[in-house]
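Build the full structure now, drawing on both the sequences and the hints.
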Amino acid sequence: MGKILIVDDSDFDRLMIARALNKNIEDLVLFEFSNGQDALDQIIEVLPDLIVLDVRMPGMDGFEVLLSIRRNPDFKDRSVVMLSGSADAKDMKMAEECGANAYYVKPSNIQAYYDIAQEIQSQYLQS
Amino acid sequence: MMKEGPGRVTNFLDSILDVHPDLICRYDPKRTLIYLNKSCANFFGGTVNYFLGKQFTEFLPQKHLANAEVILSQITPKMPKFTSMQRFTYKDKADRWINWTNIGIFRPDGSIESFQSIGRDVTHEVILGQITQARQKELLSVRAELRSVIDAVPAMIWHKDDKNNILHLNEAAASSMGLKVEDVEGQNTYDLFGDAAKKYHDDDLKVIHSGEPYLGIVELFTPNDGEPGWVQTDKIPFNVGENTGSGKRLLVVSTDITKLKEKEDLLSAINKNLDDFTSLTSHDLKAPLRKIGLSAEMLSLGLNDKLRCSEKENLDDIRDGVEHMRLLIESFLKFMRAAPGGLELETLNLNDVIYETWTRLAPELEQINGILNLPSQPLNVKGDFALLGQVFSNLIENAIKYRSPERDLRIDISAFAQARTWVISVSDNGMGIKKSDTEHIFDLFGRAKPHLGVEGSGIGLALCKRIITLHGGTIKFLPSEESGSCFQLVFNQSGRIENGKNINSR
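Order-wise, the sequence lines are chains X and Z. Residue numbers for the first sequence follow the working numbering, beginning at 1 and rising by one. Residue numbers for the second sequence follow the working numbering, beginning at 1001 and rising by one.
These aren't lab readings, by the way, just hints derived from the structure by calculation. C-beta: ideal position from N, C-alpha, C; glycine also. Hints should not be assumed to be uniformly reliable.
Heads up, incomplete: computed chain Z residues facing chain X, CB under 10 Å, no partners named [to be verified]: (1) Met1085; (2) Leu1280; (3) Thr1281; (4) Ser1295.
Straight-line alpha carbon distances no greater than 30 Å define the calculated BS3-like cross-link-like pairs of lysine-lysine that follow [as the list claims (entries may be wrong)]: (5) Lys1312(Z) - Lys90(X); (6) Lys23(X) - Lys1291(Z); (7) Lys1312(Z) - Lys23(X).
Written out as structure tokens, the structure reads:
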């Protein structure tokens, strides 16, 4: 049970994590956005339990979106998980500094997606 | 008969005058000698008695005589004393310099009674003076030479004391202050620049008092009539000894590094761009790759029981290829980011690297009936697994590509230890490389020869060399009389490895 908001400019990447989350979590409600601004505009209405954020996106990048979320008193303690194509240590450090709860590198096989979904569900999805 | 008293006095004075080194003589207006001491007689080469009663016109050489007459004619009751210096050449004796003091003794009516001349031999002083003068001239020329040397130096040089006085400086330094050397030397910088001088003086004092040089100060500097730029300054303290006016001194040398700094800034901007480019490119390459790999996997899962065996293998090949390319991109990213010494190296067994490469290439080798012999001992080196794997797979792929059509391929990888290094050779029985072609094989795009029907990028060996150089190792092509190629790789040995674990890291 939970509401998860996914922000990623790649349809394919949204599909992959959505599939994995759906398989792991019952009664999941997913909201998908292809850019940060739309996600921020809708977040008040969606009131997600958890946000999955890509890092490199056109327009606002994931860090800017994360900072905006953290500045909002209603969402400053909400779980935000970064799911990025970059394995760059600089990006991981930046995510931590901006207040992300976790940072995952987008995997290259399906099982790894399931593992990430499992971890998200057990550790970061507040019920 | 002389009375006893005055006679004794005369004898007494004579005995003093005789041992006196000065040449003392007295003569009447007709130049007849009425007295001379022993020194004087000796000087002219005779005894006292010989000269007494003689006119000096009889024995003085002509040129001195004329000179003497001129001098004596100058002596009047009003100006009874006349001093002159003469270089005396007398007979065969060495030249002497004599300082003559000639005094006229006048009667009360003003007529001349006699002359007294006292000659002091000042040859030593004159020679010393000459030497001193020569030395001084030499010193001045050395100084002028040094001056032109430091003026020729493009760096700005100041020599200061602890009171902020500029003792010396070169032209470059003076012109940077908008002044002439002579206007600045000996001046206090507070007088020249007021409070603006304090900034430099504080630093100067720190250096002077600590006695430690302060080197490589890079700062903005705007010369008086020039563009602002960058200088690198060294401040070096030194002490001067007692005899040169003791004190604590400072040598300040500033070099204009504006051009260097601009280049450095440009270079770091380029590096930054390159870094951004590399990381963006790799990100953009990895995203579609992930898509291919995951799609192949989903196809394989989704069509599981509908696929034929060969079709399933095809999908697996796609995924293997994707995984290989992903690793390559990761490696390239690391490689591009790794400055020499900046690569994170771990202790590993090179044999594992070679084995992993072999398993990847085994199907291809099998297909062409090729054999690969691996070294048996663990080869502990410090390195990056993926990058080193790239080296061996490039070498093995080259061997496959350039194999001989006449015989089955055989690749031998062997290793031996030598002076804390591992010497590894990778040899094959393929087409080999002509001796004349070996020079440029490690250059980028430096392919040995175009082989009919053999694809090659011309990057492989260049990349091998870069990777190995980055690991502190070497690679070279060993020429051989036999057919085939042989590459020799040398790596520094690292800590011992046992069962895949590095003992040193415990």
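To see whether the hints hold, each was checked on the structure:
A distance limit of 10 Å between C-beta atoms decides the matter here; for Met1085(Z) the minimum to chain X is near 89 Å, and the interface restraint is violated. Restraint check, Leu1280(Z) versus chain X: the minimum CB separation of about 8 Å is within 10 Å; hint holds. Hint status for Thr1281(Z): violated, given a least beta-carbon distance of 12 Å to chain X, over 10 Å. A distance limit of 10 Å between C-beta atoms decides the matter here; for Ser1295(Z) the minimum to chain X is near 8 Å, and the interface restraint holds.
Taking the CA atoms of Lys1312(Z) and Lys90(X), the gap is about 39 Å. The hint is violated against a cut of 30 Å. Taking the CA atoms of Lys23(X) and Lys1291(Z), the gap is near 20 Å; set against the 30 Å cutoff, the hint holds. As the CA atoms of Lys1312(Z) and Lys23(X) are separated by approximately 25 Å, the hinted pair is consistent with the 30 Å bound.
Taken one by one, the earlier hints fail for this structure at numbers 1, 3, 5, listed in ascending order.
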